[in-house]
Amino acid sequence: NSVWIHGSGFATLAAARKERFARLEELRRRWDEQHRKLRELMAEVESEYLPLSRDLSISLTGIPVLEHDEMRRSAADMTNAGLIALVAVSVVMFLGFRGLRHPMLAVLTLVVALCWTCGAVTLLIGHVNILSISFGVILVGLGIGYSICFLCRYLSLRQELYDLSDALKRTAQTAGLSITMSAVTTALAFAAAVTAGFPGLAELGIISAVGVLLCAVATFVFLPALVALSDAGLEADQLPRPLPNAVYRRMIVAWPVIVIAVSGVGLAGIASRAVSYSDGSVQWRVAYDANLMNVHDRTQESVQVQQRLFKTARESLLYAVAVAGSWEETLRLRNEFQKLPSVGRVSELASRLPPEPTAAQKQLIARLQERVSALPRQDPQFPPSNVQAVGSEVERLYFLLKDSPSLTAAGAARKLDGFLDGLSAMPAARATAMFDAFQLLTARAIVQEFGKLATATTVSPVELRDIPESLRSRFLRAEGDQQYWLIRIYPKEEIWDAAPLEQFVRDLRTVTADVSGVPVQNYESASLLHRGYGTVGLYSAALISLVLLFDFLRPGQKLMTIVPPIAVAGFIGHSMFRRTGTVDPGLLVAISLGLVIFIAAVLDYRNLRDSLLALLPPIGGMAVLLGVMAVCGLSLNPVNLIVLPLVLGIGVDNGIQLLHDYRRQIAAGRNSYAPSEDIVNGVLMTTVTSIVGFGSLMVAAHQGLFSIGLLLAIGIGGSLLVALVPLPALLTLVARHQPAPMEPVRLRAGSAATNETARATSAGAPQSPAKVRKAA
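Following the numbering used here from start to finish, the sequence shown increments by one per residue and tops out at 2030.
Just so you know, the hints here were simulated from the structure itself, not pulled from any lab data.
You can trust all of the hints, since none of them are fake.
Pair ranges (Cβ atoms, derived): (1) 1821 <-> 1734: 52 to 58 angstroms; (2) 1835 <-> 1509: 57 to 63 angstroms; (3) 1537 <-> 1734: 54 to 60 angstroms; (4) 1649 <-> 1605: 39 to 45 angstroms; (5) 1607 <-> 1635: 39 to 45 angstroms; (6) 1734 <-> 1635: 53 to 59 angstroms; (7) 1832 <-> 1333: 52 to 58 angstroms.
When the alpha-carbon atoms are kept at most 35 angstroms apart in a straight line, the in silico DSBU-like pairs for lysine-lysine are as follows: (8) 1291 <-> 1656; (9) 1669 <-> 1656; (10) 1656 <-> 1565; (11) 1291 <-> 1565.
The C-beta atom is built at its ideal place from N, Cα and C for all residues, glycine as well.
Construct the entire structure; sequences and hints are all you get.
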């Protein structure tokens, strides 16, 4: 029964997802069809009027068109970026592993993880958006790194003459913890985007977090099986040897103080470019561009037309909307909106309807009816027409139409030209009779209309039913006795930029708070993003710090350090809610994190020190990123702001790898530290593949995705420099003067020779193959 219940629930969820997907697919199909029909109509009109003007061109723009073009172009760009990233990552691994077999195993593992992620996306969300569509490229750069770390450690152990089974087991025991911690911290950095309150970024965070964890799972489940099948029967000398890095490691160990000093000065110099000091205040030199149009593909016709439209016609695509409950309220709101300095014009239906006539107007209408009733009913008599005078007037009208820039005027001019040609060839008597007949028919029609007006019992004003339904339905909806009158308010200035947008929305809200539309949504989203990204950064830092402390603390210290601060923060939050009815999550997170740090420092500050050292690469990468942005004139925008917490979550992976390597060597009894060869190669290759993967986003024409790829490549590159230069030097000094008091490594029971070999390997002592074979 339990299995049946869970199965039924899954089937219900899957059916709901399938139904939602079908609805979304139907909406997409309908919009594609409407878009195609619009294009066909434009082509027909353009071909019809093109003979009248060779300069004629018809373009299509608008918010739906911008979104449609943006999504289609981004989907194509992400496909290209994914292929480029996969090929580039494969080349990097081929060079790093110096062979084809193991890079192909890593790629195959990544493909399996991507397939799992696609299924998870379908089940959890059911669609992708303009940002989350890039999850494949992101996972190519990040997910392959876990397989690289696993393979680097495995190949290193095989070179130490471990057999296939023991090498895989020991790889899982040693590198497994680093891979798990890296996946968890990266997933937390992505998942923190949910708190930003922006659906596009939230979905990107959820999909990427799930994908990263699935890549780690595939590394532990799928990759070892592939390695076992691929390397069965192969000796150590038949396996590829990673790139040698002995010279680099000797330099770090030999001159750690010089390395730290030089790298510290370099980092400080780059980071200082991001700020400026003037008159006692520090100012950021990295600009923030809130204009959402600047993240679109600038080569798209819809984007270019939108910009030209406002420059030439001062017509904005963005307009706010308000809803009134009556005709009178609509007129009142219209008049108040028109008085606002930031409003260009107001469009609504109420002002097109004349008000109810007053008593004086009704008397005037009655007198007009009396005068019309006195008009004669017979046809009026006119003197014979002057053909020459009429021809002259028609010819003057022809020249006016001919000189007019209007396309319809050009067509009318051609018809008048033909009429004048026919009139000049017509006998005078026939031309006079033609004009007299036309004049008589026109006068007769006017007299008949006057007769209808004279016999009318009432003369009612224009009412709603007199307005065409196609126009009325755009501005008015009635539900029983309740009416909803739509008011469109257009801005006077271009409101894609933050300052005029804020002024426009604030002005509108002085009239009524119930205003909506794309400008209000953009304004609220921008405000939400500013607040949300601060929350995302705080939550990311707090979660990653807690995970690092939980990893480095001893088993007896973990709960003592984590649980009491969470309990204190919960009590404070409960008291805050009872007193004010609200809770400040950021304050509670800051309080709990501060208490955790305090308790960790009291119990054993060296574990806290190791956590801070692991955070050094992402912090240094962030400093490098901001400095390079300031120097190169790069700006942040509402889309690429997610880069800041991501650099923290991705860059900390390098610190975790090196700190685990350091603690393994100390636990094995060494009183000095030198980065292991496989760790250096793993950090180098995983970071380069991440840079290549994110850098492939720069093929996207969408400027938001392009900037995400560029900034992540810079930030992760900076974290790599910090991880490979100053951090190993710092760990070398720490190991010499103040190693962490950790218990020695306990190996599983086995032969004495195996344990001796394993201890020597953990300590980093070189072992000759002959000595190992002799011990065996």
